[in-house]
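Given chain A, work out where chain B should sit, using these hints.
Taken in order, these protein sequences are the chains called A and B.
Per my numbering, the first sequence starts with residue 9, numbered consecutively.
Per my numbering, the second sequence starts with residue -17, numbered consecutively.
Quick caveat, the hints were computed from the structure, so don't treat them as lab data.
Since this is a predicted model, take the numbers as computed values, not measurements.
Ideal placement from N, C-alpha and C gives every residue a C-beta, glycine not left out.
Covered stretches of chain B (chain A as the covering partner; in silico rule of three or more C-beta atoms under 8 Å from a C-beta of chain A):
id, segment
1, -3 to 8
2, 13 to 25
Label-pair ranges, simulated between beta-carbon atoms:
id, chain 1, residue 1, chain 2, residue 2, range
3, A, Asp17, B, Ile45, 31 to 37 Å
4, B, Ser84, A, Lys25, 46 to 52 Å
5, B, Pro8, A, Pro50, 24 to 30 Å
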Amino acid sequence: MAEVKPGCDRPAIKRNKPVVEAASEILEVKKEEHTMVKVGKPAPTFEAPAFHKGQFVNVNLEDYKGKWVLLCFYPGDFTFV
Amino acid sequence: MSVDSHFVHKMWNDHELSKMIGKDIPFPMLSDQDGYIGKMYGIYDEDSGVETRGRFIIDPDGIIQGFEVLTPPVGRNVSESIRQVKAFQLVRESKGTKATPSGWKPGKKVLEPSPDLVGRVWEVWSVKEAFDQE
Chain A
9 MAEVKPGCDR
19 PAIKRNKPVV
29 EAASEILEVK
39 KEEHTMVKVG
49 KPAPTFEAPA
59 FHKGQFVNVN
69 LEDYKGKWVL
79 LCFYPGDFTF
89 V
Chain B
-17 MSVDSHFVHK
-7 MWNDHELSKM
3 IGKDIPFPML
13 SDQDGYIGKM
23 YGIYDEDSGV
33 ETRGRFIIDP
43 DGIIQGFEVL
53 TPPVGRNVSE
63 SIRQVKAFQL
73 VRESKGTKAT
83 PSGWKPGKKV
93 LEPSPDLVGR
103 VWEVWSVKEA
113 FDQE
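Extracted from the complex, chain A is given alone in its bound form (with noise of 0.2 Å):
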């Protein structure tokens, strides 16, 4: 086993191809695609587990309406930066 030297990128997943059956027809593989949101429209709602001073609680983005809501993502705790 190769030795990963800790950094805030996390490696690439290396996912084996799915095993394709062979098939009389070639079905279309749907492509999820994700497309950036746009300033100016709505964002997008949702409802979280989360973590808030030492309880657990569900989080809903629309229980913020009426305020000024800073969203950050980031890649994981316990990265460097």
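Just chain B now, kept in the frame of chain A:
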């Protein structure tokens, strides 16, 4: 928000972050374990299975006013995010009658766009204001 579970968030808060600031993290640390939310916002990286450093400013009506996305090794500038929120708040309070020019921060000149201002910004605003003064 990251793909870590809320349990790992607790461990990070308890064992590292709270030691940096002397108290618990004051805002909720959200978990997006399958990247579903990150995908909706367009910042989930399929190759590594994590979220990139996406930051979104959402106004009181739920409208996205701005975003910034960085790759993992470079951290954000929190002061800049706060400056942008203050600028958007000023514009909103003015009901869109005011605009904050480049480099604006509280106390600096605000512009009031009008037909009279067309072609005259150079008279009322200096490029020096785009930069932080020493």
